[in-house]
Amino acid sequence: MIELQEKQIEKISLDIEQQGLTFTPLKNELLDHICCQIEIEMEQGMTFNDAYRKVRTAMGRKRIRQIQDETLVLISKKYRRMKRIMYGLGVAAPILVIIAALFKAYHWPGGGVMITLALFITGMVFLPLFVMVRIRDTRRMDEPVPLGLYLTGMITGMIAILGTLFKIQHWPGASILLTLGLAGLALGFLPAFARYRIREAKKKNEPINRSLWIIGIIAGMLVIAGTLFKIMHWPGAGIALIISWSMLAVVVLPLLVLNQLKQSEQRINSFFGILLISVSAAVFIMALMRSTPEYYSFGYVVMENSAVGQANYYESQIINAPPVKGSAASGSGFSGEETSMTEVAVGESEEVQVNADKAAFRDEADALCSYIQSLREELAKNYSGEEDQPITDRGAIDAREMFMVGKSSLPYQFISERDENKMYGMLEAFQDHALELTEDETLITFIDTQFSFNPPEELDREKWSKFCFTGPLMHSIAILGTFQSTVRMVEREIIGASI
Amino acid sequence: MISNELLKGTLKTIVLNLLVENNRMYGYEITREVEKISEGKIQLTWGALYPTLHKLEADGLIVSEEYNIGKRVRKYYRLTPTGEAISRDKVKEFAEFVQIMGRLIKPSPGLNFS
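Chain order of the listed sequences is A and B. Each residue of the first sequence is one higher than the one before, counting from 606 in the numbering used here. Each residue of the second sequence is one higher than the one before, counting from 14 in the numbering used here.
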């Protein structure tokens, strides 16, 4: 009986390895099988080379790689099911993101829930499942499992996705989560992943497009870093994002697609191609939903103009009225102009006390108006829109924000709680003061109606601020304008009533 | 030659039954045995055989032992108790199947008697 020599066995072993056979138990078996067949042929007088050639042509049409795939699939039902669920979720999550984006953009109900669900599925279910499948696949192939790499990727990825979710929902702690997750991804996972891939390819003598990998990873790191900088309002975000997105779009993506076309049998990769395309499609659709139509904000402009006009008018009426002694009023918060006032002596001594009260009242009104004005200016300063379209509804999705290359994004509630509380207190004090200064019933009713933004019993303080200051930036500015106009109007009525 | 299509459903039965008769076998041995018994009419391709063997092993019907034969490893399979029981069921089922098929599909007598 003929037995093959070591060298011949080695040659066959190398051959089948090159055909992609890595699952060791199967490899040993197939190797033995081929050797047996060759030995039989050689016993009938063939040389090794002839016998080997004959066996190879008789191997059947099924390729060795396919046999391995089939075997691995058959081995475990649970594993197969897990893999199927993973693929399903991987496709479902981006689709859900696209639909949720649509809902959000059109303010249909349910958009928030869907975004939350999609991100939750991606981060908490898909990602761990994917890593589990990867670890199992690697083990099955009898290769060392880069457990640290997989875990780093999974944990940083989960934190980053969670951070995104928190950010979208305005939950506290979003910044910390995003910083941790994104920095971990960019500085920890991506470089380690590239190193691992390149080293593995070298070990297995696989062809690998090393430059593509390096460019891709650098671009990926830049995108993540730029996103992080953007969210944290650190400088340099815009340029990093522009460079990295262009690198990805112009260099990496075409090369990647070309590479994929060359090795089309790798199913797992084409799956990620699909993922990549669907996510890009999501971003593209969001980009199409640019900002709000102009008419949406037109109402606020009307309201704002009217309020500003009123405030200016009442203020000028007060300035033109005979001033009272002791007034330290020195400016209008509104126009920002310095108003010098000629002091006019008021003779009657019994009126001195009343006049002093009124002067204090005017000072209070001025202080209140300048404070509100400073809030308005603060808001306007933060505003990031284009000149010809000065109003943006922050509830809609803005293309510049989607790509994160525009100016800073603002929170949905624009006025800080501290500022709002302060203003609320000042408004209340002003109202009380005004009511003290008059006994006229009609005027008291008038003042009460003018301060109707003062929450009635059924409207608590928290709701008041929500109604006044949640919504588009322009809405908050306009509301502040009406407060100013109210203050000026009441001031004029009180002062005018005593003239 | 028997077509692969016909073989597909019976491969497991064939393998299990061979193991009942032969105690332990390795992959190549199984293909040889099948070829011999069927007088060359059935040739198991390894593309069908090995995935089936691994599947049977994963399902707990057979177990494997590896032996070093010189420079290479030979993997022998044997039935587990569950495998033996299932093998009996499968053989019974198959016998029934053949009987019914014989009634369902009657070859034409003219050809049959030639």
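Read the hints as simulated data drawn from the structure, not as lab findings. Hints may be right or wrong, so weigh each one.
To be verified - Not close to chain B: a few residues of chain A, all C-beta gaps over 12 Å, as computed: (1) Lys612; (2) Phe628; (3) Leu631; (4) Lys632; (5) Asn633; (6) Asp637; (7) Cys640; (8) Val828; (9) Val913; (10) Lys1027; (11) Arg1097; (12) Glu1098.
Claimed, not checked - Below, a list of computed lysine-lysine pairs in the DSS-like style, where the Cα atoms sit at most 25 Å apart: (13) B:Lys54 / A:Lys808; (14) B:Lys119 / A:Lys632; (15) B:Lys21 / A:Lys616; (16) B:Lys68 / A:Lys688; (17) B:Lys25 / A:Lys612; (18) A:Lys809 / B:Lys25; (19) B:Lys88 / A:Lys659; (20) B:Lys21 / A:Lys683; (21) B:Lys21 / A:Lys612; (22) B:Lys21 / B:Lys54; (23) A:Lys632 / B:Lys88; (24) A:Lys616 / B:Lys88; (25) B:Lys25 / A:Lys632; (26) A:Lys683 / A:Lys632; (27) A:Lys683 / B:Lys84; (28) B:Lys25 / A:Lys659; (29) B:Lys105 / A:Lys632; (30) B:Lys68 / A:Lys659.
Built from N, CA and C at the ideal position, the CB exists for glycine as well.
Cross-check of the supplied hints:
The beta carbon of lysine 612 of chain A is not kept farther than 12 Å from every beta carbon of chain B, the shortest such distance being approximately 9 Å. A beta-carbon of chain B comes within 12 Å of the beta-carbon of phenylalanine 628 of chain A; the shortest separation is about 9 Å. At the 12 Å boundary, the C-beta of leucine 631 of chain A falls inside the reach of chain B, the nearest C-beta of that chain being 6 Å off. For lysine 632 of chain A, the non-interface assignment is contradicted: its Cβ lies about 9 Å from the closest Cβ of chain B, within the 12 Å cut-off.
At roughly 4 Å from the closest C-beta of chain B, the C-beta of asparagine 633 of chain A falls inside 12 Å, breaking its exclusion from the interface. Residue placement check: aspartate 637 of chain A does not keep its beta carbon more than 12 Å from all beta carbons of chain B (closest about 5 Å). Not every CB of chain B is more than 12 Å from the CB of cysteine 640 of chain A (nearest about 6 Å), against its label as outside the interface. At the 12 Å boundary, the C-beta of valine 828 of chain A stays outside the reach of chain B, the nearest C-beta of that chain being 42 Å off.
For valine 913 of chain A, the non-interface assignment is confirmed: its Cβ lies about 78 Å from the closest Cβ of chain B, beyond the 12 Å cut-off. Every Cβ of chain B is farther than 12 Å from the Cβ of lysine 1027 of chain A; the closest lies at roughly 70 Å, confirming the non-interface assignment. For arginine 1097 of chain A, the shortest C-beta to C-beta distance to chain B comes to about 89 Å, beyond the 12 Å cut-off, and the non-interface label holds. Every beta carbon of chain B lies more than 12 Å from that of glutamate 1098 of chain A, the smallest distance being close to 89 Å; the non-interface claim holds.
Using a Cα cut-off of 25 Å, the hinted pair lysine 54 of chain B and lysine 808 of chain A is violated, with the two alpha carbons roughly 44 Å apart. For the given pair, lysine 119 of chain B sits about 44 Å from lysine 632 of chain A by alpha-carbon distance, which is inconsistent with the 25 Å threshold. Of the pairs offered as hints, the one joining lysine 21 of chain B and lysine 616 of chain A is violated, with about 33 Å between alpha carbons and a cut-off of 25 Å exceeded. Note on lysine 68 of chain B and lysine 688 of chain A: the hinted pairing holds, with a Cα-Cα distance of about 17 Å set against a maximum of 25 Å.
The straight-line distance between the Cα atoms of lysine 25 of chain B and lysine 612 of chain A is roughly 35 Å, outside the 25 Å bound, and the hint therefore fails. For the given pair, lysine 809 of chain A sits about 35 Å from lysine 25 of chain B by alpha-carbon distance, which is inconsistent with the 25 Å threshold. Distance check on the hinted pair: lysine 88 of chain B and lysine 659 of chain A sit about 24 Å apart at the alpha-carbon level, within 25 Å; holds. Restraint check: the Cα-Cα separation between lysine 21 of chain B and lysine 683 of chain A comes to about 23 Å, which is no more than 25 Å; the hinted pair holds.
For the given pair, lysine 21 of chain B sits about 37 Å from lysine 612 of chain A by alpha-carbon distance, which is inconsistent with the 25 Å threshold. Taking the CA atoms of lysine 21 of chain B and lysine 54 of chain B, the gap is near 15 Å; set against the 25 Å cutoff, the hint holds. Using a Cα cut-off of 25 Å, the hinted pair lysine 632 of chain A and lysine 88 of chain B holds, with the two alpha carbons roughly 11 Å apart. Between lysine 616 of chain A and lysine 88 of chain B the CA atoms are separated by roughly 20 Å; this keeps the pair inside 25 Å, and the hint holds.
The hinted pair formed by lysine 25 of chain B and lysine 632 of chain A meets the criterion: a straight-line CA distance of about 21 Å does not exceed 25 Å. Our distance criterion of 25 Å between C-alpha atoms is met by lysine 683 of chain A and lysine 632 of chain A, whose separation comes to about 23 Å. A C-alpha spacing of about 35 Å is found between lysine 683 of chain A and lysine 84 of chain B, which places the hinted pair above 25 Å, so the restraint is violated. Pair hint lysine 25 of chain B plus lysine 659 of chain A does not hold up; C-alpha atoms about 28 Å apart against a cutoff of 25 Å.
Under the criterion of a C-alpha separation no larger than 25 Å, the hint pairing lysine 105 of chain B with lysine 632 of chain A is inconsistent with the structure, at around 34 Å. Proximity of lysine 68 of chain B to lysine 659 of chain A is assessed by CA-CA distance (about 29 Å); at most 25 Å being required, the pair is judged violated.
In terms of the numbered hints stated before, the structure departs from hints 1, 2, 3, 4, 5, 6, 7, 13, 14, 15, 17, 18, 21, 27, 28, 29, 30, listed from lowest to highest.
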